[in-house]
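Read off the chains here:
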Amino acid sequence: MGHLIPQAILPYVLPVVYAVVIVMVLPLLAGYIVLMERKVMADMQARLGPMRVGPHGLLQPIADAVKLLLKEDIIPENADRLMFWLAPLVSVTMALLAYSALPIGPEFQIADLNIGLLFILAISSLGIYGIVLGGWASNSHYSLLGALRSAAQLVSYETAAGLGLVSVLLLAGSLSMKDIVQAQLDQGVWFIFSVPFGFFIYLVGSIAETNRAPFDLPEAESELVAGYMTEYSGFRWSLYFLAEYANMVIVAGIATTVFLGGWLRPLASFHEHFPGTSIEWPDAFPSLLTLGVAFYCLSLAPKQPVKIQKIVMLAVAILCFILSGALLGALFAPTGVMQGIHGAFWFMAKVFAYLYAFLWFRFTFPRYRFDQLMRLGWRFLIPLALVNVIGVGVAIVLRQQLGWGPVASLIPTTLATLGVAIWLAKDDAPAATVQTADGE
Amino acid sequence: MIQPFFLDHIWLIPMFPLLTAAAMLFYGRRLANNIVSALCVGSVGLSFLFSLGAFFQLIAKPEGERLATKILFEWIPAGPYHMLDGRLAHFLADWGFQIDPLSAVMILVVTGVGFLIHVYSTGYMAHEGGYYRFFGYLNLFMFAMLILVLANNLLLLFVGWEGVGTCSYLLIGFYFHRKSASDAGKKAFIVNRVGDAGFLLGIFLTSALLGTIRFTEIGPALAAGHFKMGDPLITAIALLFFVGATGKSAQIPLYVWLPDAMEGPTPVSALIHAATMVTAGVYMVTRTNAIYQLAPKAMAVVALVGAVTALFAASIGVVQNDIKKVLAYSTVSQLGYMFLACGVGAFTAGIFHLMTHAFFKGLLFLAAGSVIHALSGEQDMRKMGALSKKIPVTYWTMLIATLAIAGIFPFAGFLSKDLILGKAYEKDVTLWAIGYFTAGMTAFYMFRLIFMTFHGTSRVEHDVEHHIHESPRSMLVPLVILAALSIIGGWISWPEILGGNSHFVRFLEPIVGVAHELRPEPAHGPGSRMGEIYLMLMSEGLVVLGILFAWYLYIKRTELPEKIAKSLGGFYRLVYNKYYVDQIYDALFVNRAKDLGLALGAFDANVIDGLGVNGAGWLTRAISRISMWWDTWIVDGSVKVGARLVWVLSFPVRMMQAGLVQSYMLFIVIGLIGFLGYYLYLAHHAMH
Amino acid sequence: MYVLNSILFYFFSALAIASAILMVTRRNIVHAAVFLITTLLATAGIFLQLQAEFLFIVQVILYVGGIMVLFVFVIMLVNLDVSMRLVQFNRQWFVAGALALVLGAQVLFALWAGHTSLRLPAMQVDISPKNTEAVADALFSKYMLPFEIASILLLVAMIGAVVMAKRRV
Amino acid sequence: MIPVDHYLFLSLALFTIGVIGVLTRRNVIIMLMSIELILNAVNINLMAFSRMWGSVDGQVFAIFIITDAAAEAAVGLGIILAFFRNRETVLADEMDILKW
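Residue numbers (numbering that gives the first Met the number 0), protein chains in the order written: chain A, 0 to 439; chain B, 0 to 687; chain C, 0 to 168; chain D, 0 to 99.
Rather than coming from a laboratory, the hints here were simulated on the basis of the structure. Take these hints with a grain of salt, some might be off.
Stated by the list, open to error - Partial selection, computed: residues in chain C whose CB lies under 7 Å from chain D:
#1 Ser12
#2 Ala13
#3 Ala19
#4 Leu21
#5 Ile28
#6 Leu35
#7 Leu49
#8 Ala51
#9 Asn89
#10 Gly103
#11 Ala133
#12 Tyr142
#13 Met163
#14 Ala164
Glycine included, each C-beta is placed from N, C-alpha and C at the ideal position.
Chain A with its partners taken away, still in its complex shape (with noise of 0.2 Å):
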């Protein structure tokens, strides 16, 4: 289709149509991830969930979106006006902006940049500002309190959590995310593998930085009603739900690409450690798994006590057999397509993977103190970041000097940042000294 589009615009054709992609799925994908996290909070604690809006409420999510949407839209009677309205904008805004350097797959990505590891944290690190002036803009004290905890925890773990990534960028060599994936393919092993501890730090880091639970001190709503959030209601606030969520998207993405070796398959890299051999069944793994949905939800059709639900059922059936058509078919297709199809599937599986470990914290860890807080990313996330990324530039000289293996070479390193993890963690054990938690 080349022809049809004149030749000036037509690097710009396919970015378009992917971040029109992005912005139109995020929501949704946003949605289920409630739907996701109700359900499994609900599984953890022995519950069903949401069951009644479709079955096994899977069309909550939209319900939801309904009724936020239609909510009325109250703006506080002294709130600075300007800030108010900005400040979710703004949060979503940049929640968005980040995906444009996220690769998907090999070629499903908005826009390569050489410095797409950078572009991401710099973006990531606006959003504070929707949550900073929304908790200003808002002229409440509960608000105020929020947006100031999440300035001082983002900026504290930001620290932290990039430090986690130096260390793989050293390994990769290279700021662009896919040189970061090839980077993985070439060495063939996901720098999980090689390097726990960056992995670890950008975990905890994370999870901090999307102020997700046991780390969700700004919206306490023990201590503080809802944060940052407090005043909010109906469309803005969801606005903030949503960049929350897309936050925790990408902090999953970057994770993915970086640590998990991004859109390849497991044992992608066989042939790099065994020559001439390689393994190809994890192809069939995607289309086997979503044939496996669909069959299950053929069966459970019709046990749906109404109609409406029995078909909805079968709809989604259908779609996860369409799908898992389409993920065989792609087998057969050129690289390109079947590696950006399977790429997406395993990107977006392992994305999940790492959101399910999010609520999977979330449902087990007792909220931190605020102090305790700050201690925990000073003094001990933030030297053994240090420790680590020093270990990783002696582990690249040994590869360089003396040709170790690209494991075997990360081996003292992980060794001794364990040890250094060990120490520091016992020389931070009297922790629980009760201080005075203000933000400072």
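Starting from the known structure of chain A, arrange chains B, C and D on it as the hints suggest.
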């Protein structure tokens, strides 16, 4: 030469008590009692161990060279000066310690008895206020006493001398809220000053005459000086020293402070006013015996004063009713014995008696203390009696001590006293007679004390009676130990005639080594063994007689004493009032001194203050008026003018220096504009 | 290409200047901060347009994401609704403004003169695409010492800030 | 290509605005922000020249300047906090203790 450890570290012996004393007096208030006692008793015990070590290492040395000196640092290296005979001498008083048999014995006695009495005090003072203060003073005293006996020169000895004086003052006045106590303290202090003045003069004269004040060098200096026997200057020195000795050791005429010193706590009386400090005089005389042996007249004076004091004090002791007063006077009289010994040239005998006396007199005081403790503060013997069943341990120990002091064979007292009497007999019969008679009196009044306190019918007020109790163990253990010592303490010098070989005397011989060739032939004496045996038997007989007499008067016929007192009438009153010595002294000295003070005060008030001070004040005011006028108008005026000038001139600067950051920045910008304009102007010119 | 470039440049510079003026004149400090952020972002855009991606990122991360967050943070700690109602300009504002303008005029004149007299060369067409690597090389080889010194400076500043802001040192 | 002068004009404009802000605003925080603005103007110059000569030195200096700005902001804001705690004000013309 390198000395063995303990001999090399004798200087540590005084330091332990000093440290704890400092600790007590600075921080004691904050310490718990048990810590205080642990520290203080421990330190004294430590010094005792060191003393033992030093003693044995000294004994280990061969006869000739039993002398160790340790000089810490030169204290007063005064420049050269001319001695009386015109020779040039270098005065040098160093902070140095020496240990020889004499010092060894002394430190053993001081630290040993001291240690026991410390232990005793932990029990006795347990319920008194100022516990830490008491022990602080006590340790300070131990320090001073040890300095005294370890000093290697007269000046350092004098330091210890004054130190013990001070501590005795502090401890006598320990209950300073009691006027009598503080008065007694002052009395002791002042009376001692008299003696100390004499002692100090003696020291000056020594250094002027001999050019040295080191004990080790005095002997050689004397030898080098070729002084003939009885040289007047030497005699003067000896007498001056003896004045000091009378002060410290409570001899006539300066004994008056000791009986009043009983105002202090009983352990103090035991330690300072019976066992150690008061014997300093004897120690000093013995230490300087080289001088005395060159001055027979001085020695005669010493002997006479000693004998008279012994008799005199004993006579007073006979009629006293306060248990501690009796013991005080007996102490005075026993000290008299020691000086008698020194006077007749039997220094070793004196030191021997000093040691035994330390044992049994210390024991007597401690036991008396225990009695007082049991009777909750009662000291009057007329309010005691029949206590022997109620406080048996105290009773038996006190009985042993009494036998010892009375000189019953073979208790310690017997050996030392008879040694002295024997020497006295060799020297002069009258002296011997006095001592002999005194021995009888001693036996009498001591057993009077025993009988009045422990036997007969109980005369205790019955509100006190029902809680008479034996003292705690910490008080009884020292009693028992001392009792044992006052039995066997004397045996270390078992006389030849009784088949012993007097180790102790031999051990001490070297320090009076000069004595042999200088000692004149005994005037007359048995010389034979039988003579000495006779003497012993006679004294024993007299002692037994005294005891029986006491028994007769105070057990058998208890009404007799009053009768006798009445029949004696005036004489009894005279003795009972201690021969009115205190009153006489008051009339002669004290009041005169007060008058002098008043006169001086009047002079001060009228002449000095009135004329000098006020006059000066008036003058100053007058001058200050003038200077004030000058200051206000001329000086300040000029200053103000200057200030005003500066104020006026500084106006623009002040405007600039507003203290506001932004105004400063504004000036920066102005400057920038100036520069830029200038350069642009230049560039513009450069263009065309 | 040139069109897009110049459009970007003039848009960004207009944005920068406008929001800078607003920043200086706003009564509400938070608004001022927001406008400063806008200026900074516009500047970052200009950097990007100058093909200095790394500086763009540094500008965004450090300036906008770091320093300005700090500013906003402090603004919120120091509650200012009192000082918001006071006069915003000090006594010397008129003189100062005038003088500043004079200074600007001088420099402008200098620039103008330079523009006419010594002709600045046109820009290089393009610098190396691997801008980040280039900066890194320069930073770690040629400017090693200044780099270390800068890190020391940061350390000192950190300690100073901590000491300053601590209630009980 | 856009002539370098335009960048210079831009930075001059920003610089002047910044100077005006520093000189006239009473609020210390806004003064600090104006200083940031000035530094920014300088950065623009540096970037323009670095692009002009096609060398990254200018960018390196810009990085240093940004570092400097960070340090300055940290310390300055710390001082402002301390001052506010003691005097309850952030107005520059109430901070005239410098006089003594």
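Evaluated hints:
no.	hint	verdict
1	Ser12	holds (5 Å)
2	Ala13	violated (9 Å)
3	Ala19	holds (5 Å)
4	Leu21	violated (10 Å)
5	Ile28	holds (6 Å)
6	Leu35	holds (5 Å)
7	Leu49	holds (5 Å)
8	Ala51	holds (5 Å)
9	Asn89	holds (5 Å)
10	Gly103	holds (4 Å)
11	Ala133	holds (5 Å)
12	Tyr142	holds (5 Å)
13	Met163	holds (3 Å)
14	Ala164	holds (4 Å)
Of the hints listed earlier, those the structure fails to meet are numbers 2, 4, in rising order.
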